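Undergrad: The primary structure of each chain is shown beneath.
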Amino acid sequence: ELKVEQNPLFLSMQEGKNYTIYCNYSTTSDRLYWYRQDPGKSLESLFVLLSNGAVKQEGRLMASLDTKARLSTLHITAAVHDLSATYFCVKGGGADGLTFGKGTHLIIQP
Amino acid sequence: DSGVTQTPKHLITATGQRVTLRCSPRSGDLSVYWYQQSLDQGLQFLIQYYNGEERAKGNILERFSAQQFPDLHSELNLSSLELGDSALYFCASSVGRTDKNIQYFGAGTRLSVL
Chain U
19 ELKVEQNPLF LSMQEGKNYT IYCNYSTTSD RLYWYRQDPG KSLESLFVLL
69 SNGAVKQEGR LMASLDTKAR LSTLHITAAV HDLSATYFCV KGGGADGLTF
119 GKGTHLIIQP
Chain P
727 DSGVTQTPKH LITATGQRVT LRCSPRSGDL SVYWYQQSLD QGLQFLIQYY
777 NGEERAKGNI LERFSAQQFP DLHSELNLSS LELGDSALYF CASSVGRTDK
827 NIQYFGAGTR LSVL
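As you go down the protein sequences, you meet chains U and P in turn. So the first sequence is numbered by the working numbering: it starts at 19 and just counts up by one. So the second sequence is numbered by the working numbering: it starts at 727 and just counts up by one.
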């Protein structure tokens, strides 16, 4: 059974700090996604990572993929309050559609 | 705005009842996906349709069914509802038949079974 495990599940951090969310998955994959969800809202695609060593950056967020280690990371640089949300690591490429991690609930405090 | 429209936004019903959730995909998208989000199960893939045909099946209960119509809108039918079916149901659409393409999510339908 495919598993997608995120770490940590809850994260409270101060503005201006850096932090990394980790995502491990149990089977090989040729694509990995990161989605953001604000409370009570829908999901928004942040990054699509399609190959080993892929790195994508958007503003203060940077995502990477290491297919050999079956690991993806989402790094937050100099966090700001607007980045408070739940971030999902999502694996694609399986016969059963997308498989979501449990999500990392991120709170950024002033 | 993702361009994916889901109706209704909220639905309150009783156990044993049947409801229909509706989804209109983004213009040009041929795939529609249905997901269930609950506190205990998280986000789970239910089913995918591509251009009117069932393409992939996930953790969808037998009491649930879906279809995609010629105009590409999709409906998710939930019957013999139980308390545990209370959840947020999302529809997503994408242009291709596989999940290589980004999926755009609707705002969701919040179902409360009392």
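A hint or two may mislead.
As the list claims (entries may be wrong) - Mimicking BS3-like on lysine-lysine, the simulated pairs with C-alpha atoms at most 25 Å apart in a straight line are:
| # | chain 1 | residue 1 | chain 2 | residue 2 |
| --- | --- | --- | --- | --- |
| 1 | U | K120 | P | K735 |
| 2 | U | K120 | P | K783 |
| 3 | U | K86 | P | K826 |
| 4 | U | K74 | P | K826 |
| 5 | P | K735 | U | K21 |
| 6 | U | K59 | P | K735 |
| 7 | U | K21 | U | K35 |
For the record, the hints were derived by calculation from the structure and aren't laboratory data. If you're wondering where the values come from, they're calculated on a predicted model, not measured in any experiment.
Undergrad: Against each hint, give a clear statement of whether it holds in the structure.
TA: Each hint tested on the structure:
Note on K120 of chain U and K735 of chain P: the hinted pairing holds, with a Cα-Cα distance of about 24 Å set against a maximum of 25 Å. With a CA separation close to 20 Å, the supplied pair K120 of chain U and K783 of chain P stays within the 25 Å bound. With a C-alpha separation of about 20 Å, the suggested pairing of K86 of chain U with K826 of chain P holds against the 25 Å cut-off. About 16 Å separates the Cα atoms of K74 of chain U and K826 of chain P, which keeps this hinted pair within 25 Å; it holds.
For the hint linking K735 of chain P to K21 of chain U, the alpha-carbon distance of about 30 Å lies beyond 25 Å, and the restraint is violated. Restraint check for K59 of chain U and K735 of chain P: the C-alpha separation of about 11 Å stays at or below 25 Å, so the hint holds. The hinted pair formed by K21 of chain U and K35 of chain U fails the criterion: a straight-line CA distance of about 30 Å is larger than 25 Å.
Checked against the numbered hints listed earlier, the structure breaks hints 5 and 7; every other hint is satisfied.
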